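Following the hints, put chain E in place on chain D, whose structure we already have.
In the order they appear, the protein sequences are chains D and E.
Per our numbering, residue 1 is the first one in the first sequence, and the count goes up by one each step.
Per our numbering, residue 1 is the first one in the second sequence, and the count goes up by one each step.
Listed next, the stretches of chain D that the computed footprint assigns to chain E, with coverage defined by at least 3 CB atoms under 8 angstroms from CB atoms of chain E:
#1 9-19
#2 24-36
#3 39-48
#4 58-69
Since the hints were made in silico from the structure, they are not lab data.
None of these values were measured; they are calculated from a predicted model.
Heads up, the beta-carbon is just placed ideally off N, CA and C, and yes, glycines get one too.
Listed below, chain by chain, are the residues.
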Amino acid sequence: MAYSDKVLDHYNHPRNVGSFDKSDPSVGTGMVGAPECGDVMKLQVKVDEATGVIADAKFKTFGCGSAIASSSLATEWLKGKTVDEALAIKNTDIVNELSLPPVKIHCSVLAEDAIKAAIGDYKKKQTERKPVEAQA
Amino acid sequence: MKTPIYFDNHATTPTDPRVVDAMLPYFTQKFGNAASRNHSFGWEAEKAVDNARKQIADLIGSTTKEIVFTSGATESDNLAIKGVAEMYAEKGNHIITAATEHKAVLDTCKKLEKHGYRVTYLPVKADGLVDLDMLRESITDKTILITLMYANNEIGVIQPVKEIGKIAHEKGVLFHTDGVQAVGKVPVNVIQDNIDLMSMSAHKIYGPKGVGALYVRRKSPRVQITAQMDGGGHERGMRSGTLNVPGIVGMGEACGICQQEMPEESKRLRHLRDKLKNTFERELDEVFINGSMEHRLPHNLNMSFAYVEGESLLMGINDVAVSSGSACTSATLEPSYVLKALGVGDDLAHTSIRFGLGRFNTEEEVDYVAGRVIEVVRKLRELSPLYEMAKEGVDFSKVQWAAE
Numbered sequence: 001m002a003y004s005d006k007v008l009d010h011y012n013h014p015r016n017v018g019s020f021d022k023s024d025p026s027v028g029t030g031m032v033g034a035p036e037c038g039d040v041m042k043l044q045v046k047v048d049e050a051t052g053v054i055a056d057a058k059f060k061t062f063g064c065g066s067a068i069a070s071s072s073l074a075t076e077w078l079k080g081k082t083v084d085e086a087l088a089i090k091n092t093d094i095v096n097e098l099s100l101p102p103v104k105i106h107c108s109v110l111a112e113d114a115i116k117a118a119i120g121d122y123k124k125k126q127t128e129r130k131p132v133e134a135q136a
Numbered sequence: 001m002k003t004p005i006y007f008d009n010h011a012t013t014p015t016d017p018r019v020v021d022a023m024l025p026y027f028t029q030k031f032g033n034a035a036s037r038n039h040s041f042g043w044e045a046e047k048a049v050d051n052a053r054k055q056i057a058d059l060i061g062s063t064t065k066e067i068v069f070t071s072g073a074t075e076s077d078n079l080a081i082k083g084v085a086e087m088y089a090e091k092g093n094h095i096i097t098a099a100t101e102h103k104a105v106l107d108t109c110k111k112l113e114k115h116g117y118r119v120t121y122l123p124v125k126a127d128g129l130v131d132l133d134m135l136r137e138s139i140t141d142k143t144i145l146i147t148l149m150y151a152n153n154e155i156g157v158i159q160p161v162k163e164i165g166k167i168a169h170e171k172g173v174l175f176h177t178d179g180v181q182a183v184g185k186v187p188v189n190v191i192q193d194n195i196d197l198m199s200m201s202a203h204k205i206y207g208p209k210g211v212g213a214l215y216v217r218r219k220s221p222r223v224q225i226t227a228q229m230d231g232g233g234h235e236r237g238m239r240s241g242t243l244n245v246p247g248i249v250g251m252g253e254a255c256g257i258c259q260q261e262m263p264e265e266s267k268r269l270r271h272l273r274d275k276l277k278n279t280f281e282r283e284l285d286e287v288f289i290n291g292s293m294e295h296r297l298p299h300n301l302n303m304s305f306a307y308v309e310g311e312s313l314l315m316g317i318n319d320v321a322v323s324s325g326s327a328c329t330s331a332t333l334e335p336s337y338v339l340k341a342l343g344v345g346d347d348l349a350h351t352s353i354r355f356g357l358g359r360f361n362t363e364e365e366v367d368y369v370a371g372r373v374i375e376v377v378r379k380l381r382e383l384s385p386l387y388e389m390a391k392e393g394v395d396f397s398k399v400q401w402a403a404e
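This is chain D alone, in the form it adopts within the complex (with noise of 0.2 angstroms):
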């Protein structure tokens, strides 16, 4: 199969790898997919509790390479972004950018769970720790 110059580009030079701490309040973790379907992808967003903006974002992704550029992408796509920006990016977006073939469209519905997932993880921190301050 070829691959097209984006998803080439991104394999060759990933954006963002890397991980944040996970028990840092500011981030939201989201891994999506299983070792046994070949995908699983662990997307991290760290964001300004002041403004709700992501200021940072990195990836790891075990998968083929338009499930490492999808992911990668989605890193680009989330810095600068609010959270609630951040949610409605979708899988079609991904497909368009990197000119995903029909095959390879669950990569990118991978990666905007991913996103999902990061962000859900991060509200619901959010929403667990203002009772305590609250408190204090």
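For chain E alone, coordinates are given in the frame of chain D:
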């Protein structure tokens, strides 16, 4: 050294230039139909076919009359299995095969199941070998055929063919073997190995594509098969169709070269394969061999590079041609059924790479490929959340995976 480097010799091999030289006259000058009995063009072609038949027979220890030319091993497998099933239908309707067979065998068996035949698909052990006791117990008074491959195309594991043939003969059952990966690579002898029918292919042994053969035993027992194509009654009625003379000449020459060079070639390739394996094991952690190392073709290595998905690895070594058992590289989007049959988990099957060395590979190429693979595996492990988790000591079986 030129790139890309070809390490996928189980899929096909380049035609040996000596084979091409032998074939060339049979396209333009000696173009006769081997079935033309009344002029020199036909005699010339027939003589060439006879010579090729002899070269093939010599390589596998058969007589020339036991070689039936076909279009390739898929046709040979179909002809052997369907041909026996049809011919011996009155004797029984049961066929025994194994889960790790090539699709040309498995799908042929599945087709026969639709026509009322019963097929036993033997499991294999973790090393890829069939359990002989289980084979013996699977035979019933309705069993007419055991079809088990000589060597596997993915993991290179060599079955105990001689013992399988012995069991078959004790029970009065015919034994067919798909010899595609073994013939020309390791010593195969149809008499010593108790084989009744054997499929062969030219393009896996540095011959041309589109030509193969089926060995059909003539004595003790005399095997009969029903032709699967109707026509002029070529190949003693077993396979009609004008003989592919240049292809057959090429297959003969390919067999002749294999017979002559096998001892040295297999030794050289074993050394290169072992070097590749040892380099990976020395430089990388968490790599796993799939299938028996002891009962294995000398030029095959099938290895799982844990936490690195196969297609992404292939993408990184884009100047090297190898295959992967990963789902992403297969048409069905399922990981390798052969590895699954060995009990290799899907997680590791997704990370498997098959290296198939061949006649034209050099030590320099092995060193280069080893280096490239190691470099890319390390890079992708930096990217792999699983490798990170493994290093942190996470027990994967306790993780709640959020699969799609």
